[in-house]
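**Student:** My request is simple: use the sequences and hints to build the entire structure.
Note that the sequence shown covers residues 1 to 356 in the working numbering.
Since the hints were derived computationally from the structure, they do not count as laboratory data.
Glycine residues also receive a C-beta, built at the ideal position from the N, C-alpha and C atoms.
Among these hints, one or two may not hold up.
[What the hints assert, rightly or not] As a list, the in silico SDA-like pairs of lysine to any residue whose alpha-carbon atoms are at most 25 Å apart:
#, residue 1, residue 2
1, K198, F77
2, K138, I126
3, K199, D83
[Stated by the list, open to error] Each pair of labels, with its calculated beta carbon distance range:
#, residue 1, residue 2, range
4, G349, D32, 20 to 30 Å
5, A178, E55, 20 to 30 Å
6, E259, E283, 19 to 29 Å
7, R333, D67, 29 to 39 Å
8, I211, I118, 21 to 31 Å
9, I118, E200, 46 to 56 Å
10, P267, A46, 43 to 53 Å
11, R333, A178, 19 to 29 Å
12, A212, G349, 29 to 39 Å
13, L265, P348, 26 to 36 Å
14, P122, V355, 46 to 56 Å
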Amino acid sequence: MSPLSPNDPIRLTQFSHGGGCGCKIAPSVLRDILAGTPFASHMATAYPDLLVGIEHGDDAAVYRLNDEQAIVATTDFFMPIVDDPFDFGRIAATNALSDVYAMGGRPLFALAIVGMPIGKLPNEVIRQILAGGEAVCKAAGIPIAGGHSIDAPEPIYGLVGIGVVDPRKVKQNSGGQAGDCLILGKPLGVGIYSAALKKELLSTDQYAAMIAATTQLNTAGADLADIAGVHAMTDITGFGLLGHLLEITRASGLSARIELGRLPLLPGVGELARAGNITGASERNWMSYGNEVEIAEGIAGWQRALLTDPQTSGGLLASCAPEARDAVLDAFRRHGFGGAMEIGRLQPGTNIVVVS
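**Tutor:** Right, here's the structure in full:
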């Protein structure tokens, strides 16, 4: 690919084979890669202060410093999901910090991860990507304290996020309890929007809704961790709603019942999905874990795609006791997540059940 001149329109997505959290390795492939690796076993015994490792697919590692403080450490990066460089930087940074909030933590600082096709992408465009990330970190009240950069064939941007949490309030995937309400903070449909955007079928208002959702920091996480009835928490990203819910149900030894009609959706997502604007990652997700899901009769393929749609910088999913439901919804609303919805319950069993 030849370098772009200053007058050429920049389409960041033309430089990458995939975008956003849709770039993630399929869940089944990732499980196969990690199976039997030396760092996947005996961590709890060898490192007793490592409270959370990779055992249950949690969002971040947590290492205890003392009885009241633990470090939360995570990293996340991907290729462009939008063409605007500033927006891409904002989305990637928001997504990376989400993992700290999903563990119930508060971010302290970040390190930038930068891979750019130097000589093919103008330096000013790269500066705008970095500025977008910096703007989000400023909104989160933290500095970008350093990082690492390489010359790469595709644009890659993200952050290492470092945070702090009370070790007694860490929210792991394994904490879910039968009867828990499942409450989702952000609307679904980012992957469907991105598929429509590539075909130039996304309206101006829908694009604005996509940017608003993907750049909204999941700051409710730390307050949710303070609620005694919140038992487990994760954020919904590249594996889709079902994939990340399965991480909770597997780790907790439970099943879940999801009501399709209660899912919060970005504007017009249903119509776009019905018209075939579905990502390849959505189908890969279903192929990875569909055997663990029971879909009720009458639910169409495009509706199933809402459940497996890869979310970039998606919402928090909280599992809480029924008596904590109102407190959880109030916490979401205080942080600007007015559309947070109860979408189902945890229950005894194995497979996730989806009803209309």
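**Student:** Compare the structure with each hint and give your call.
**Tutor:** Right, here's what the structure says about each hint:
A threshold of 25 Å between alpha carbons decides the hint, and for K198 with F77 the separation of about 21 Å falls inside it, so the pair holds. The hinted pair formed by K138 and I126 meets the criterion: a straight-line CA distance of about 19 Å does not exceed 25 Å. For the proposed pair K199 and D83, the alpha carbon gap of about 13 Å is at most 25 Å, so the pair holds. Take G349 and D32: their Cβ atoms lie about 25 Å apart, and the range 20 to 30 Å holds.
Between A178 and E55 the beta carbons are some 21 Å apart, a value that agrees with the proposed interval 20 to 30 Å. The supplied range of 19 to 29 Å is met by E259 and E283, whose beta-carbon atoms lie about 23 Å from each other. Taking 29 to 39 Å as the suggested C-beta distance range, the pair R333 and D67 conforms, at roughly 32 Å. Checked against the hint of 21 to 31 Å, the C-beta distance between I211 and I118 comes to roughly 27 Å, which is consistent with it.
At about 29 Å, the CB distance of I118 to E200 disagrees with the hint of 46 to 56 Å. At roughly 49 Å, the beta carbons of P267 and A46 sit within the given window of 43 to 53 Å. Checking the proposed 19 to 29 Å range against R333 and A178 shows it holds: the Cβ atoms sit about 27 Å from each other. As the Cβ distance of A212 to G349 is approximately 37 Å, the hint placing it in 29 to 39 Å holds.
Between L265 and P348, the C-beta spacing of about 29 Å keeps the proposed range 26 to 36 Å intact. A hinted range of 46 to 56 Å holds for the C-beta pair P122 and V355, which are about 51 Å apart.
Taken one by one, the earlier hints fail for this structure only at number 9.
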